[in-house]
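Hey, can you work out the whole structure from these sequences and the hints?
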Amino acid sequence: MKTLVQILLLCASLLATPFAASNDRSQLYADMQQILDEEGLQGAVWATVAADGSTVSDAAGVRDAANRMPMQDSTRVHVGSVAKAVLAIGVLRLVSQGRLSLETPVTAVDPAIRFDNHWETTHPVRVRHLLAHTAGLENLKLGQFFSLRATADVPLATASGTERAPLRVLSQPGSRFSYSNLGYTVLGQVIEAISGERYETWMDREVLSALGMRDSTFTYTTQTGTHADPHLAMGHFEQARPAPAVPTFLRPGAQLTTTADDMALFASFLLGDGSNAGQPFIAMDLMNAVTAPAGTEAVRAGLPLGHGLVLVGRDRHGQIGGCHPGNTVGYWAMLCIFPQQRSAFFVATNTDNEDAKNERLNQRLVEALALPPIASVQSASPTTTSLSQWNGFYIRSPQAMPAIAPLQALTDFVRMDTAGDQLRLRSLSKDAQLLQPLGKRLFRADGRVLPSHVLLMGEDGQPVLSDGLRSHVRVPAWRIIVPGLLLSITMIGVVIMMLAGGVLAIRGKLRWQHPVLLPFLAGTALLLPIALLHRQSLLELGDRTVASMSLAGVSLLLPLALVTGTAAGLHGWRRAERGTRLLTACLLATLPGFGLLAAWQLLPLRLWLL
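The sequence shown maps to residues 1 to 610 in our numbering.
Mixed in with the good hints, there may be bad ones.
[Said to hold, decoys possible] Straight-line Cα separation of at most 20 Å, EDC-like style, residue types lysine to aspartate or glutamate; simulated pairs:
1. 430 <-> 412
2. 440 <-> 412
3. 430 <-> 417
4. 357 <-> 163
5. 430 <-> 359
6. 357 <-> 446
7. 357 <-> 37
8. 357 <-> 367
9. 357 <-> 459
The set of hints was computed from the structure by calculation and includes no laboratory data.
Structural data, given as structure tokens:
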């Protein structure tokens with residue numbers, strides 16, 4: 001009887017296990033579909049990798065909002081910058097083969113790639129720096145992303161700009177993280193210089209096929225035309241607007257077509273020892289550095305998370321992992337591995353919706369993995385050293401787009417002060433954030449397990465606030481307040497001038513000799529480029545189009561008209577009426593702001609150069 005009971009219990013257990021798994025999968029599907037509906041996302045594919053190595057993939061929603069075809073787990077998607085993680089493994093494959101070294105200066109691999117690097121003699125740009133986004137290169141130019149001029153086979157030297165001029169290095173290589181699509185385009189050039197063939201061809205054969213990712217390719221695919229892939233989901237913007245894929249200049253770090261199953265294979269490889277089919281593929285020391293940051297100011301100051309050679313450390317939902325997000329025209333994606341728990345997930349949507357809370361998808365998949373919680377680092381006792389000496393305004397350094405860096409500094413600065421033993425961070429885009437002290441100038445934000453911020457003295461001797469992925473350098477308050485005040489006065493002055501000019505025109509008092517006439521006409525002329533920009537595709541924003549050319553012309557015409565009108569108003573000041581004097585003073589007040597824009601080389605506003 002005892003044996004019979006044991007057999008029955010065993011049978012019940014075996015029957016219950018697949019039922020429970022099926023029930024969990026059904027609940028996950030229902031939850032993911034609900035998130036898609038609530039966040040305005042058309043469809044999603046996902047995969048999870050469990051600690052025992054088993055994988056599960058699934059899909060929800062539709063692959064095309066126009067015909068309501070259902071998304072399937074075998075549906076192909078674009079994953080944007082998740083491609084960087086796969087490309088990085090390609091570079092590490094070359095290193096493991098002895099054909100390249102992490103410490104190799106990039107110019108030694110391809111002398112045609114040049115850098116404008118003030119630190120060249122002691123800190124050249126190395127392969128390691130490009131992989132970890134610490135080369136100090138800008139992220140991208142507007143025309144390298146928002147463009148319809150790119151083709152599927154444009155040479156990478158043309159795409160990166162290295163055939164025209166040296167690439168400017170904005171910070172000492174190796175010292176600070178600064179995300180760079182441009183840097184991964186240069187890595188594509190490195191692969192081509194070593195392999196002697198297009199990086200797409202080499203990556204498809206030597207990495208994707210070798211890892212069994214046979215439904216993936218770095219070759220450009222789209223939904224219609226010459227490069228059409230019938231298995232590719234349609235991309236979408238908000239309100240289910242279709243967004244067919246287009247070529248991009250910076251394709252090595254943003255162009256990859258794949259499936260949930262293939263990304264599960266890739267995640268499983270990242271969780272392994274670097275072997276593939278029982279043979280060495282990536283050296284173990286390189287695998288240990290997949291998520292481990294090295295060498296930056298923040299790492300040396302004790303911050304544990306940052307960008308490794310492949311993935312960036314991520315502290316969310318009570319778990320520590322290595323992840324890489326991605327988004328491109330019509331798509332969004334996330335890949336995360338959790339090495340301690342030998343688990344991972346991948347998710348991608350065929351909607352690029354800036355208002356959607358995609359993090360909900362990530363959180364639900366973390367819950368589905370049922371990972372054991374990780375204990376938080378305990379707060380330190382009150383520090384005896386005053387933190388008030390670190391108070392002040394901090395701006396991003398280096399800036400992602402140097403051409404508009406002065407304007408970016410006015411919008412993404414951080415105001416830091418102390419609140420007891422806590423640090424309080426305030427910015428224009430976020431609510432005030434309190435950081436708990438952990439000792440050694442390390443701090444932790446709410447909801448994090450590990451230290452998330454550190455205060456340090458930079459290589460240049462300036463106070464720096466870093467979270468491992470963004471470094472903010474302290475600047476005098478006037479660097480923020482004065483330009484912000486001048487530009488605010490300029491905007492207010494232009495608005496007053498336009499309103500006054502409109503009223504005078506309606507009353508028939510806007511005569512040729514009036515100081516506000518030419519500025520009003522120039523301001524009205526702004527409606528033309530605004531209308532043209534509204535009619536053209538967003539993807540042409542960085543191209544030299546009729547709209548952008550007219551914007552450049554009018555943006556130069558307006559300050560010239562303001563100067564002319566001010567001069568006319570001052571010339572007739574004594575005999576002018578009080579209202580005309582006030583308008584002249586208003587015109588005069590706008591000039592310092594326009595002078596500042598001119599000094600920043602933002603006048604005329606040439607979008608194709610940003």
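Here is what the structure says about each hint:
Between residue 430 and residue 412 the alpha-carbon distance is near 10 Å, which keeps this suggested pair within the 20 Å criterion. Straight-line distance between C-alpha atoms of residue 440 and residue 412 comes to about 26 Å, which puts the hinted pair past the 20 Å bound. Annotation: proposed proximity of residue 430 to residue 417 holds, straight-line Cα distance about 15 Å (limit 20 Å). Proximity of residue 357 to residue 163 is assessed by CA-CA distance (about 40 Å); at most 20 Å being required, the pair is judged violated.
Only pairs whose Cα atoms come within 20 Å are accepted, and residue 430 paired with residue 359 is accepted, the gap being roughly 17 Å. For the proposed pair residue 357 and residue 446, the alpha carbon gap of about 19 Å is at most 20 Å, so the pair holds. Pair hint residue 357 plus residue 37 holds up; C-alpha atoms about 12 Å apart against a cutoff of 20 Å. A threshold of 20 Å between alpha carbons decides the hint, and for residue 357 with residue 367 the separation of about 17 Å falls inside it, so the pair holds.
Annotation: proposed proximity of residue 357 to residue 459 is violated, straight-line Cα distance about 37 Å (limit 20 Å).
In summary, the numbered hints that this structure violates are 2, 4, 9.
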